[in-house]
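Using the hints, put the two chains back together into the complex; each one sits in its own frame.
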Amino acid sequence: MGISTWIPILIINFYYWVSYLKVNYGIFPPFLSEPLREGFYAAFFISNYVLIDQIVRRIEKWDVIDLLWKLVVIGVSGVSVLFLFQIIEDYMATDALYAQVKALSVSVKLYALLIFCLSTLFIYRKLILYQKNKRKVISWHIMQAVFLLGIVRLFLGPEPQLAHLFGGNSQAEELTLLETTFTRILIPIFLAVSLLLSANVNWSAYLNFNQKLRSLFLIGIIVLLYAGFFRIFPYEALPHGDNFLNLLTHRYMVLGLFFLFPVIYTLFSGLVLIFNLPTSSVFEQRSSELATIQRINQSIQSHLDPEEILRTLLDASLLTSNATGGWIELYGESHKLQDLLVTYSKNVEKTEIEELRRRDNITRAVLESGKYVHIRNIRNHKHFRFARTRIRSLLALPILTSRSPVGVIYLVNELAGSFEDATVLSLVGLTEQSGISIENAEIVAQSIDLEVYREQLRMAKTFQKQILPQALPGTDQIEFFVMSQEVDEIGGDFYDVTQNGNKYKVAIGDVSGKGTTAAFYMAETKGIFQALTQLDMGVRDFILITNKALSKCLRKGTFMTLTYVQIDLELREIELLRAGHCETLYYDSNADELKTLAAGGMGLGIVRDDRFGNFIGEPERIKFAAGDLLILFTDGIIEARDGKMEEFGLERLQEIVRRLRKTDSRLIVETLVQQVKAFTGNKIEDDYSVLVIKFL
Amino acid sequence: MTMQIAEHNSGNFITLTPTGDLDANSSMLMDEKIQNGIDLGIYNFHIDCTALRYISSAGLGVFISFMEGLTAHNGRFVFSEMTENVYKVFQLLGLEQLMTIVATRDEAAKLLGA
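From first to last, the protein sequence lines are chains A and B. By the working numbering, the letter at position 480 of the first sequence is numbered 480, and the numbering carries on one by one without gaps. By the working numbering, the letter at position 3 of the second sequence is numbered 3, and the numbering carries on one by one without gaps.
In case anyone wonders, no lab produced these hints; they're calculated from the structure. Among the clues, some could well be false.
[To be verified] The calculated DSBU-like cross-link candidates involving lysine-lysine, where the alpha carbons are at most 30 angstroms apart (straight line), are:
(1) A:K677 - B:K88
(2) A:K556 - B:K88
(3) A:K526 - B:K88
(4) A:K70 - A:K136
(5) B:K110 - A:K683
(6) A:K556 - A:K595
The model shown is predicted, which means the values in this text are computed figures rather than measured ones.
Just chain B, with the same shape it has in the complex (with noise of 0.2 angstroms):
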């Protein structure tokens, strides 16, 4: 199944929007956004997670690899749309205590200052 990532540049945040499952092949993909966002000097990640169905371990960590690097430049993650599915796997891991996690778009348009 392939991964589709639809990218959104709002100039001070990029909004990526994962479609289906986030596993160990996907999270490549997912790598490289972030990562051309960031050569972009651009440190503040929306993830739309309205169409994401299923995030797995090697996914999570994408998010977990770049976290240290966004804080130190002020950004960070806000995730947004989770399914109930999604959120709980956040949730086992811990991270929900470590990420922001908001309920609807516009929540985490307005955190990262749109």
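Chain A with its partners taken away, still in its complex shape (with noise of 0.2 angstroms):
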């Protein structure tokens, strides 16, 4: 609130002593007329409003006992002031300057009690307006513009004469209609807001039974105040002012009604905190229930050990229940209902345990319906009406997650009907909250069994791309190019060259399924091929020595294909044999012809025994000549599809070849692989590899 505020407020309150003592007493020459002087006083009561509205305003702590505390300070305050000038008046009584004494007293206790009635009137509508809604608000603009019309009224009526305060012939003058009207609609409606105003009391049920009283005290001391006001409050000194009653219906109104809002609002909460006295312990348990329940839930939430959640939940059952005993019954790992665990105990003996367990079966019945059983009185239920224990009330609540349930927690006591309805709500949440933490410690758990399955594979990924060469040896006879590309973590290619003076061996596979597995068939199969290709034999043989060393290794149903090359620089001849794979694209420069080699036969590891041999064919030989291609593939190349699911096949692959046969492997490789991709639009679902070979 700035400066700019405060000087009107100032002059105004100013001007209200002065002109009092104008009006009434002719100390001051009169400077102002009705009903230019009526508009001051209007301005006096709604500037000390607005005044007392900011200052309270900025009271920021919202605590019930401090702003009780401040109003009982300003009360006393301004009652002092009131026995003060009592005082004083009294012992001037017999002076000359009695009549201006008088008068100044009476302006005096008039300011006290206007200060005292808006500050109550200010932190009332603090407490009223606590937790606000739009009903209160509207409730509160309303009274506003009652206390408006109110000061409205103070241009209405004859203007005062105080000639009765000293004994003068107080006016016998009829209210106008207009007055009077003002007084039967006014009242009856601020009468009305007022008690509605007044219902609004719910910041004392947030108060202990120790705030609760000291309110009562302090609100009974402001009523106390009120009293005092009301007592020594010079009626007198206002037109038809003599009881407050005429207050209310003449020229002053407004003023009444500061007045009595404070004092019904003041005598509705003091009745509500004596009525709530006896049963606020009660809310305090509760509510101290409540935040053990929280302080728990946060606790439970915390642990990443389903085992360590389980002991937490059964001890907190127990403190926040009045259980005796309880315990927990556990799914083993086999999730079968016969072998219900009982994990954790406290306070029961094993046997009553399986004496209750022997006579009916309430974990099942709990776990299949997922909802709590509360038998309050076990005499009366018709399984345990004999049973040989001392437990009474009984409370079995399900702890499930949203996959699978966890088991069942017990809570027994030795009384019957022990387990009140709203404890049995807040252990139901907390079973609840306790079922989530297990399932998010097991979602913990899975994820990090995840990112080590991931690290695996990643070493596995690295692994296998040693594998595979990086660099093939080329002469200016012979030229190499190959790409590969894995789609899913590991991929199941493989291809391999070796050179041996003018002899070269070239593998090119395909291991069936991917995964950690594939790199171990494709590690094995590197190993035969680097071991196999140190000897010298024919291409069949190595075909069948592979499918014998492959088939001792391979799992059931694991196959692999293989296109096995020989190329010798020397004799300028290629040996080829096919075991399963796709076929070889061969370009014949001299006769500017492609062909396709599918000399071969079945795939290793399919056929594990000898009969193999039958199922395998006789090599292909080619004599190569300089501008020669040999172009070896995987099935990804050949396989891959596109948007409409159609395969991009061995014809748009030899077109490709045909087109750049006279380049070298490099552009071919690279040509197809990128045709590859824009086919599939970037989406290839295989692995694939091509290996170009161009003889110089």
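Written as structure tokens, this is what we have:
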């Protein structure tokens, strides 16, 4: 609130004092005439209204006791001022200046009353609008409108003649119709809104017993203070103000309204507090239980070990209910009902648990329905009536995760009917929270496992990369270029090249299946390839021995396709055999013809005994010339599919090779891969490898 | 894409009709269906390939892995109504020499002794 607000308020207040003395006793020359003077009185009320409103708004701390204390301090000061001036008045009764002293005293008393009423009004507003809602705010606005109309009332009726102040005759003039109407309409509205606002005592619900007692004490003092004001108030200073009712119906009704509303609210809240006192301990107990449950919930949520969570759940349930004992029955690994384990128990004999379990399978009922079972008195229960146990009341709650039941928590008491509905509900909340926490803990554990698995996969992938040669040996007579891509974490494609003087041995293949096992089979194949290619043997023997070797290590149902090529640069001859693998393309530059080499037969590991030889066929032999091309690939190339599920196919591959037959191996490979990617819209679903050999 | 496998038990053999792609994921389902049949003591299977659009190496692996077991019990797989694409895959792998592939359902049924 800036100085620009304070200054007008101070000026208006100053004028009040000056004008009061002037109007009533002619101490100052008249300098304002009606109705301007009434305007000033109105401004006086309004400015003080705004002033106190602003001051109270500045109180940031919302504390009932503190607010009431402030009010008591203001009230005691106000009443003290009233008493002080009353004493001065009495003392000066015979003095020559008595009239002036009396006038000053009356205006000070009125001012003190006004400040106290307004302070009460705004501090109560703070209490009323606690937990604001639209209805409360609208009621308050109506109240303010009533106050404003009360101020308008100042302009009506005859001018105050204060002769009666000194025993003069008070005018007995009749009220005009307008004035009466004002009273008749405004007062009922005021009373109705007052009652409506007085019903808002929610703040009292949040006080504990002690705080309620203190509030009640303070409210009692406030009532006494109002009584004090009421008693000492100089009604005689106001026209027709010889009693309170007249005050309300006449010119200064706004003062009456300011006075009356706080009185009504004070009485109301005092009554509410008195009536709430006996139940307060129950609410306190409930709220302390809630606070405990809240704390336990947080503690349960922070655990990552399901066992720890269950232990906490049992401890907490015993703490928050008045159970004398309890236990938890858990599903074993098998998740079968007969394998329930009593994992934790507290203050209950194992024999008692066994006795109850023998008589009825509550656990089954609870887990199958997912709902709790509450037996108030087991002597009234058809199965437990004759059970040898001290237990009388029993509560069984399911502990569930969204995927599977975890178990059941039992709480028991040796007295019948010892679990209240409210307790049961809070225990339901607690067990539900535990279920969620257990599930979270499981998810965290799983994601750790998953991370470990991912790490292994990363290692396998690195390992697989090392299996496939990155640089292939070339000379002035032969040129290699290869490109390979795994789509998943680990692919199943294999290729390798060895060189032994003038002889090159090349293999390209594909292990069925993917993942880490595929990587191991690839490593195995590489070992076999590297070992066998050191020996001098024909391609057919190579395939037969490789089949035998792989059959020893490939899992049932797993097989491998392989195309094996031996190139002799001296004899300028190629020997090639296909074991289940897709065809190889060969470009014969002399004939300018692209051939498809399909010699061979069955894949490796399908037939694991000697019969395999019957299914493999004879190798293809070709004399090559400079400019010839050999195009080896895996099915990922020709089986790549576009959005319409059409395969890239051998023909598209042949067309590309035909078009680029005069270029080098690198351009053919790169163009091919690029075309396949374009064909699939960059969504190749399978691994692919292409190896192109150009003879120079 | 989820694959569906229709199943019909003719008493002494079971007809399985896969629809869509038989790849690494759907091969588990095929594996399960065949194993179920074997558990019932049936070792002859008619695989109706009318609606089989594509078969991957993992899909083939299922048939290969059961083949020996069926032979030991005088049973076998008989494939019918293969599309050219699927037949090509069998052929490349050399499986056409190992497994019985016939043109029509009726032929398959006749072979399996319906």
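How the hints compare with the structure:
1. A:K677 - B:K88: holds, 24 angstroms
2. A:K556 - B:K88: Holds - the C-alpha atoms of K88 of chain B and K556 of chain A are around 23 angstroms apart, at most 30 angstroms.
3. A:K526 - B:K88: With Cα atoms ~28 angstroms apart, K526 of chain A and K88 of chain B stay inside 30 angstroms; holds.
4. A:K70 - A:K136: holds, 24 angstroms
5. B:K110 - A:K683: violated, 43 angstroms
6. A:K556 - A:K595: violated, 35 angstroms
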